[in-house]
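Peer 1: For this one, chain Y is given, so just place chain E on it according to the hints.
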Amino acid sequence: MIHSLFLINSSGDIFLEKHWKSVVSRSVCDYFFEAQERATEPENVPPVIPTPHHYLISVLRHRIYFVAVIQSEVPPLFVIEFLHRVVDTFQDYFGVCTEAAIKDNVVVVYELLEEMLDNGFPLATESNILKELIKPPTILRTMVNTITGSTNVGEQLPTGQLSVVPWRRTGVKYTNNEAYFDVVEEIDAIIDKSGSTITAEIQGVIDACVKLTGMPDLTLSFMNPRLLDDVSFHPCVRFKRWEAERILSFIPPDGNFRLLSYHVSSQNLVAIPVYVKHNISFREGSSQGRFDLTLGPKQTMGKSVEAVLVSSQLPRGVLTANLNPSQGTYTFDPVTKMLTWDVGKINPQKLPSLKGTMSLQAGASKPDENPTINIQLKIQQMAISGLKVNRLDMYGEKYKPFKGIKYMTKAGKFQVRT
Amino acid sequence: MTDSKYFTTTKKGEIFELKAELNSDKKEKKKEAVKKVIASMTVGKDVSALFPDVVNCMQTDNLELKKLVYLYLMNYAKSQPDMAIMAVNTFVKDCEDLNPLIRALAVRTMGCIRVDKITEYLCEPLRKCLKDEDPYVRKTAAVCVAKLHDINAQLVEDQGFLDTLKDLISDSNPMVVANAVAALSEIAESHPNSNLLDLNPQTINKLLTALNECTEWGQIFILDCLANYSPRDDRESQSICERVTPRLSHANSAVVLSAVKVLMKFMEMLPKDLDYYGTLLKKLAPPLVTLLSAEPELQYVALRNINLIVQRRPEILKHEMKVFFVKYNDPIYVKLEKLDIMIRLASQANIAQVLAELKEYATEVDVDFVRKAVRAIGRCAIKVEQSAERCVSTLLDLIQTKVNYVVQEAIVVIKDIFRKYPNKYESVIATLCEHLESLDEPEARAAMIWIVGEYAERIDNADELLESFLEGFHDESTQVQLQLLTAIVKLFLKKPTETQELVQQVLSLATQDSDNPDLRDRGYIYWRLLSTDPVAAKEVVLAEKPLISEETDLIEPTLLEELICHIGTLASVYHKPPSAFVEGSRGVQHKRLTSSAGSGESVESPDTGSAAVSEAPPTVIPSQGDLLGDLLNLDLTPPTSTGPPPTTAPGMQLGAMDLLGGGLDSLLGGDIGGSPAMGTGFGAPPAAMPASFNAPISGGLDDLFDLGGGGGLTMGTYIPPKSVWLPAMKAKGLEISGTFVRRSGVIQMEMTLNNKAMSVMSDFAIQFNRNSFGLAPAGPLQILTPISPNQSIEAALPLSTVGPVMKMEPLNNLQVAVKNNIDVFYFSCQYPISMLFLEDGKMERQVFLATWKDIPNENESQFQIKDCHLNSDAASNKLQGSNIFTIAKRTVEGQDMLYQSMKLTNGIWVLAELRVQAGNPNYTISLKCRAPEVSQCVFQNYETVLKN
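As they're listed, the protein sequences go chains Y and E. The opening position of the first sequence corresponds to residue 1 in full-length UniProt numbering, with each subsequent residue numbered one higher. The opening position of the second sequence corresponds to residue 1 in full-length UniProt numbering, with each subsequent residue numbered one higher.
Please keep in mind that the hints were generated in silico from the structure rather than gathered at the bench. Hints are not guaranteed to be accurate.
[To be verified] Only some residues are given here: those of chain E computed to face chain Y with a beta carbon under 7 Å:
#  : residue
1  : ILE38
2  : ARG108
3  : VAL143
4  : TRP217
5  : ILE220
6  : SER249
7  : ALA251
8  : ALA254
9  : VAL367
10 : PHE369
11 : GLY568
12 : THR905
C-beta: ideal position from N, C-alpha, C; glycine also.
With the rest of the complex left out, here is chain Y:
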């Protein structure tokens, strides 16, 4: 199982180590540093690195490498999922997951890590349970603790730990009972030069914020559940019920959680919300290049496209870009060659465009590579797949909760090749 954990910052310092079995010397990280040196970009460090006696499995989050050390055959995904859980827990506890935040809370971090794994076996990883065992630090509590000498470690066995619903604690009480669901869809797409779609798929999630008293039992039904043929559920969802009736039935965890994630891959269901007209060209023998980009709405079902951000990695030979945006602002970083254009909202009557010239290094030859254009956008009040929640019902409790559902579409990895 998981032997040790090292946290390494972007400058290559090991700033925290935790061992669940015997102590592994931190020199084992040298193999990691070697791999890091070989990789050109920080994110290109391979996730599994063999060393003579151990294996190092790492994830990079918030510019911190979380490096787990294992000694025997352990499923790598198990380790990676656990590391993700560590990151999520830190973020949950400290608001951010940065080196400073971890150092500021080093004892809580240590207590958390000790609680999450026992001898390398996961013990308590649900944030609900952890929060009962170890109270998250707040300014108020730190003050109170300092004065009264009380602790932030729970004295009681967490109630949810062994129940059939380990994700929910008992005795939850709210004055305002509310349940909010956000249906968020991200479009991943590759569009080729001529504007036709090569691949397009939707990664959707339903995130919930449920603050309900007692042990509510919820059901959520959809207008068009047939869209969802590839789904991953939070453990609280009753799978049998879904199989039989296509209804989500569950006792929710308390607070924020991801109820469901889904994947729509059949291309005819994926609408492409924007189109890009582009002309990025260099002429042989000239040190000037043309840059011409126009955006327009495509399939948006009458909703407006907002928060559009276009970015593109221009060829290495480009020195400067002299462009003229019809709206919004653009920046060009001469070091990374990254062009970013903050467009804002697309007005279908007056299409946003960015035109001008790029200058190459004197005497440089025509660049070989074609830049890819990356687009971010948001469309409010619509799930691009057309998914719609039909109704939400609550059983098991008497009060009437306040319910809300929000839809939103975003661009995920939305790439246009030129």
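Peer 2: Frame of chain Y; chain E shown alone:
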């Protein structure tokens, strides 16, 4: 007020200061001090000097302080074992605490203190905690057993903790079950054969019930444990599959992949024609696709496993090509994996799309990726024949971009395309020659030189081109030098008049001015060849080259099977057998896929191609002369002793067997992707062995007498003529031909080993893969003398039928590995099923009648044997030679009905009804058997025996 204050130090010396604070009377100050100690510990500072002071703080009601002290203890107890004893009392007391949280904490911490003296005190509290009323304590105690086992395995066994742990599998709480399984699996890893996790249908049922209710991590442990189970029949595997499928929708990707492993393994048991089988295949695709939208590191692990899955069952993802298309900001390790899978999934249906993508990738920024993309185009051309033309034109387009590394890579792959499709695309040579100047990498230069040499007759200025390379001969790498030498010799043989000078120049450069022995040797060989016999030289140098194989990077089928059983593990990420793996796994059992007995499903290599293809079935009808020779050979051999095989030079035999000892798997695993391992004894043949080699051939005469007793015209056992099993081309000069015989109940594999290589071969050993009837060598291969070049040697290998069994397709297929001092070679051959017919296969008449009725009609199969001109008696005699016994004969309306029986070595009886009509050369045969799969083989055997 943050914890960073704990890191500040004072001038006086940190340790001194802390010591004072730890011994303070004030509780608050104590706690702050312990926190400081812990903080120092987290950054790797040595605070072990404070051990006694920290341990003194242990007796406290404050849970946080207690936890902190425990944390400290776990870290440092090992370095201060004597002091650690001081803590024991508090532990024992805490194990009796009213609060289950404290009981669990105490037992948990005790297990982490890796001090022998403490473990003795641990046993009693642990025993209590394993039976604690609170499941939280039980679940913690279960893990503690694993910890204790790691420190002192003997103690755990002596104290009977393993049995208690096994009982916990039946615990009412799913979390306890999951932890017990996890603990047992970890312990089992160090005891491969201990049978700790004794899986039977009852425990499986308990595990499946717990699976639905335990945490995600518990689900992973249980699924991994389930994967080790072998279901009794296809119904059981179906029901397990049905209960595991919901896990595919879990949010935790590790759960999903473990579930995929269980399903991939148990699917083998399901008959392919079952509806459920198709449903299951369809259900596997979406979760695998979803894994690819996760974080890059998850994607990487998923992709490595998908790579295995598409090799085993390409049908699962054949429509999902698009999800493997590369996004420009994917990390490089994801890009390269995606590319690999794209090629594996490439087929005629999607090749256009794939090529368009690959061409796009070839213009990306990342050089490594671009190179691999260009190479991928070449691999597509070789894999999908219909696309070759399009691939070549794509490559030419890329060459036009003039990007240096793209051009070089393209030339390397075009060379491979020429090797695969000779005389088809040579029109592009002119274009290639234009880029000669820009090639600066040895591989590309060598490829180009090969092309020029190979097609010298079509390139007008070939001599000039090669001459230009020759100028800097000594600065070239060996690869290029060797290639240049060969190319110029080829050119000379094709255009001798103009190039005499050139060839002399290169030969002298290679032989006189070079320090490289390879180059010198090759130079001398060419020189002598050319000077002694130019015609022979032409035959050698310009010989037709074998086509290169379809896919070179496929994982060897037995390894693939093993890896499929280990999906989701490190082994599957590295594509290496688990045994050759992480140090911690001391002995891993080899896992294999087991297929259902009742289905036509094969466990053989996937259709995409395999290394072991049988060259020619041994059932080829021989010419009369060969048969005669064979019979004579058999009959005239004096009946030498059939006793134990000669035992001379056991040392060599043992050594050889030892090398093979690890089983096929380790052999296969050791060398993947690596260069062929040249044997150790190469060039140093062992001293000649005493020639006391007696081929253990049993007396054919005995057999003859035996059979002769039955009737007048017995022909003796039919022995198929030897056929080539392993061509020399595939085995570095070793040619093996052979056949199978059965004499006096002993099955033998008779082989002729022919050394067609230039060096002596020795150290032979042989192994079989598992096969349908458990055939295995009964002793080591008896080849006591090294075989010198051009010599051939006969060897007979007695076989037993008690080896491991695995169903093969076809049933009588046998996969063989032969090792010599040079390498290990694999081939497969088919044995006539009559080898397995026992001498006592004659059934009683009554039994025959009853059995015939008893076997259901759907097990009956009917075949026609055409053009057989024997009468029924002759046929009966002939068949008897192969242990097919005629029990009764009936004549109905001019039609002779022969009722026959035979018995296989594994106890399966086959009953037959043979109808022979006078004057009609076509026989009809009906076969009935409880295992109807064998019918086809038996029929084929009838046909060969009767026609020879």
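Peer 1: Do the numbers back the hint for E/VAL143, that is, is its least Cβ distance to chain Y under 7 Å?
Peer 2: For E/VAL143, the interface hint holds, since the closest Cβ of chain Y sits about 5 Å away, which is under 7 Å.
Peer 1: Should the interface hint for E/SER249 be scored as holding, given a Cβ-Cβ cut-off of 7 Å against chain Y?
Peer 2: holds (5 Å)
Peer 1: Does the CB of E/ALA251 sit less than 7 Å away from some CB of chain Y?
Peer 2: Holds: closest Cβ of chain Y sits about 4 Å from E/ALA251, inside 7 Å.
Peer 1: Answer holds if the nearest beta-carbon of chain Y is closer than 7 Å to that of E/GLY568; otherwise answer violated.
Peer 2: At 5 Å from the nearest chain Y Cβ, E/GLY568 passes the 7 Å test, so the hint holds.
Peer 1: Hey, does the E/PHE369 contact hint survive, CB to chain Y under 7 Å?
Peer 2: At 11 Å from the nearest chain Y Cβ, E/PHE369 fails the 7 Å test, so the hint is violated.
Peer 1: Hint check: is the beta carbon of E/THR905 less than 7 Å from a beta carbon of chain Y?
Peer 2: violated (38 Å)
Peer 1: Would the hint on E/TRP217 be counted as holding, given a Cβ-Cβ threshold of 7 Å to chain Y?
Peer 2: holds (4 Å)
Peer 1: Close enough to count: is the Cβ of E/ILE38 nearer than 7 Å to one in chain Y?
Peer 2: Hint on E/ILE38: holds, closest Cβ of chain Y at ~6 Å, below 7 Å.
Peer 1: Holds or violated: E/VAL367 as interface residue toward chain Y, Cβ cutoff 7 Å?
Peer 2: violated (10 Å)
Peer 1: Under 7 Å is the threshold here; is the Cβ of E/ARG108 close enough to any Cβ of chain Y for the hint to stand?
Peer 2: Holds, about 6 Å.
Peer 1: For the hint on E/ALA254, does the least C-beta distance to chain Y fall short of 7 Å?
Peer 2: With Cβ-Cβ at 4 Å, under 7 Å, it holds.
Peer 1: For the restraint on E/ILE220, tell me whether the closest CB of chain Y is nearer than 7 Å.
Peer 2: With a minimum Cβ separation of about 6 Å from chain Y (threshold 7 Å), the hint on E/ILE220 holds.
When the structure is compared with the earlier hints, violations turn up for hints 9, 10, 12 and for no others.
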